[in-house]
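Participant: Going by numbering that gives the first Met the number 0, the letters in the sequence shown line up with residues 0 to 116, in that order.
One should not assume that every hint holds.
To be verified - Calculated cross-link-like contacts (lysine-lysine; reagent style DSS-like; alpha-carbon spacing at most 30 Å):
1) K56 / K11
2) K11 / K81
3) K88 / K75
4) K106 / K56
5) K106 / K11
6) K88 / K56
7) K75 / K11
8) K81 / K56
9) K75 / K106
10) K106 / K88
Hints listed in this document are in silico derivations from the structure and should not be mistaken for laboratory results.
None of these values were measured; they are calculated from a predicted model.
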Amino acid sequence: MNIENTQSQMRKGILEFCILSIIRRGESYPSDIVEETRTAGLHLLEGTLYPLLTRLKTSGMLTYRWVESNSGPPRKYFALTKEGESFYKELETTWLELSNAVSILTKPADPGISKNI
Numbered sequence: 000m001n002i003e004n005t006q007s008q009m010r011k012g013i014l015e016f017c018i019l020s021i022i023r024r025g026e027s028y029p030s031d032i033v034e035e036t037r038t039a040g041l042h043l044l045e046g047t048l049y050p051l052l053t054r055l056k057t058s059g060m061l062t063y064r065w066v067e068s069n070s071g072p073p074r075k076y077f078a079l080t081k082e083g084e085s086f087y088k089e090l091e092t093t094w095l096e097l098s099n100a101v102s103i104l105t106k107p108a109d110p111g112i113s114k115n116i
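All chains should be built: construct the whole structure from the sequences, respecting the hints.
Facilitator: This is the structure we're talking about:
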């Protein structure tokens, strides 16, 4: 079994939720999203982020606006739409349920409890 593939699939499964969480706090520039995920230990490449942002924008979850930059071309800042906010809340509920279940299932067994199998 390939551990790297399993780890990659686990990360991909939560990536959308993490990106929406960052954008939900306020308009976000893609390189800032990449930096924030890296700081948190989730190594996200811009080549992964841009297609995801485009898909979320196309599906109505995000909107963007162009902002002039003093140090180069205009920057595209992303924000959640009302539909995106509703979608985020559903993902948040799912994450909390999954996180709780995984915590319960992965905690060490109580040595005083025998398990009949």
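Participant: Against the 30 Å threshold, does the CA-CA distance of K88 and K75 hold or violate the hint?
Facilitator: With a Cα-Cα distance of about 24 Å, the restraint between K88 and K75 holds, given a limit of 30 Å.
Participant: Sort out whether K56 lies within 30 Å of K81, counting only the CA atoms.
Facilitator: Between K81 and K56 the Cα gap is close to 12 Å, so the pair holds against 30 Å.
Participant: Next pair to validate is K56 with K11; report whether the Cα-Cα distance is within 30 Å.
Facilitator: Holds - the C-alpha atoms of K11 and K56 are around 18 Å apart, at most 30 Å.
Participant: Does K106 pair with K88 here, judged by a C-alpha cut-off of 30 Å?
Facilitator: Status holds; Cα separation ~27 Å.
Participant: Does the alpha-carbon distance linking K106 and K11 stay inside the 30 Å limit?
Facilitator: With Cα atoms ~24 Å apart, K106 and K11 stay inside 30 Å; holds.
Participant: Given the hinted pair K106 and K56, is their alpha-carbon gap at most 30 Å?
Facilitator: Between K106 and K56 the Cα gap is close to 38 Å, so the pair fails against 30 Å, i.e. violated.
Participant: For the pair supplied as a hint, K11 and K81, is the alpha-carbon distance within the 30 Å limit?
Facilitator: Answer holds: K11 to K81 is near 24 Å, not above 30 Å.
Participant: Given the hint that K75 pairs with K11, test it: the Cα-Cα distance must not exceed 30 Å.
Facilitator: holds (23 Å)
Participant: Please verify whether K75 and K106 have alpha carbons no more than 30 Å apart.
Facilitator: Roughly 43 Å separates the two Cα atoms, so the pair is violated.
Participant: Going straight from one Cα to the other, do K88 and K56 come out at no more than 30 Å?
Facilitator: holds (17 Å)
In the structure shown, a violation is registered for the earlier hints numbered 4, 9, in ascending order.
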